[in-house]
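Q: Sequence:
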Amino acid sequence: MKSLMKYVLLLLSCVAFSVSAEDDFGGNISVELSKKLSKKIDISLEEEVRLNQNMSHFDRLASTLGADFKLIKKHLKGGVAYSALLYNETNYCLLNHRAIATLTGSTNAGNFEFSLRARYQATFQDDSYGNTHKVDPKQIVRGKAEVEYEFAKIKLYPYISAEAYYEIAKKDCNRIKYAVGAKKKINRHNSVALGFLFDDKLKSNNYYLQLGYSYKF
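According to the numbering used here, numbering within the sequence shown proceeds without interruption in unit steps and concludes at 1259.
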């Protein structure tokens, strides 16, 4: 276990130092609380802080309240969520509101889990300082594919994923996110996650170190 974590940290460090001057390296730090209301319904609250400019600048705070619904046991679930997004601009803070709907299908093959997720999001921008979105709300459809492997004895779950963004107004797929990392279940209530995200945008590339903590009631 310790050797595996050393290799993961070494890989993340090497990638971070390879970022070019035109790109940016940042971090995502998140805390999530979740509770099972019934066999088919879960609710969650997540706080996420995003850093940029080589992890020296506070970029965004995201507060997300969501609910997931099991539609077909172990294979299909739906979800809805609301996010309040506070962006740290040069001379002011900008508050956006985002409505989210998701549909996720998954299947298992041995210790592997394969999942596909479709997500629709509509972001409404506070126009107090002028609307930088050409279309408000900004509507995006996201498609994500993920493969996860289970080390049952040590409760470790490494994963790899890719997610494409399609902007409805522009009729264009102009962003893809690639992620690799691992989740560690400490006990029935607590789990942690460590990962690396490559955000491939049309005009820039961003790299993020991801740290997460989750508590289930």
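Be aware that a few hints might be false.
Said to hold, decoys possible - Each pair of labels, with its calculated beta carbon distance range: (1) Asp-1065 / Arg-1230: 36 to 44 Å; (2) Lys-1116 / Val-1091: 30 to 38 Å; (3) Gly-1147 / His-1231: 39 to 47 Å; (4) Ser-1076 / Ile-1196: 34 to 42 Å; (5) Ala-1194 / Phe-1100: 34 to 42 Å; (6) Asn-1150 / Ser-1098: 24 to 32 Å.
Hints were generated in silico from the structure; no laboratory data involved. Computed from a prediction, not measured in an experiment: that's the story for all the values here. Ideal Cβ placement from N, Cα and C applies to all residues, glycine included.
Q: Taking 39 to 47 Å as the hint, is the beta-carbon distance of Gly-1147 and His-1231 inside that range?
A: Roughly 27 Å apart at Cβ, these two residues miss the hinted range, so it is violated.
Q: If I claimed the Cβ atoms of Asn-1150 and Ser-1098 lie 24 to 32 Å apart, would that claim hold in this structure?
A: violated (42 Å)
Q: For Lys-1116 and Val-1091, compare the CB-CB distance with the range 30 to 38 Å and indicate the outcome.
A: Holds, at about 33 Å.
Q: Can you let me know if the beta-carbon spacing of Asp-1065 and Arg-1230 is within 36 to 44 Å?
A: Given range 36 to 44 Å: holds, Cβ gap about 40 Å.
Q: With 34 to 42 Å as the target window, see if Ser-1076 and Ile-1196 comply at their CB atoms.
A: Between Ser-1076 and Ile-1196, where Cβ atoms are some 22 Å apart, the hint is violated.
Q: Check the following: the C-beta atoms of Ala-1194 and Phe-1100 are separated by a distance inside 34 to 42 Å.
A: holds (39 Å)
Hint compliance for this structure: hints 3, 4, 6 are not met, and every other hint is.
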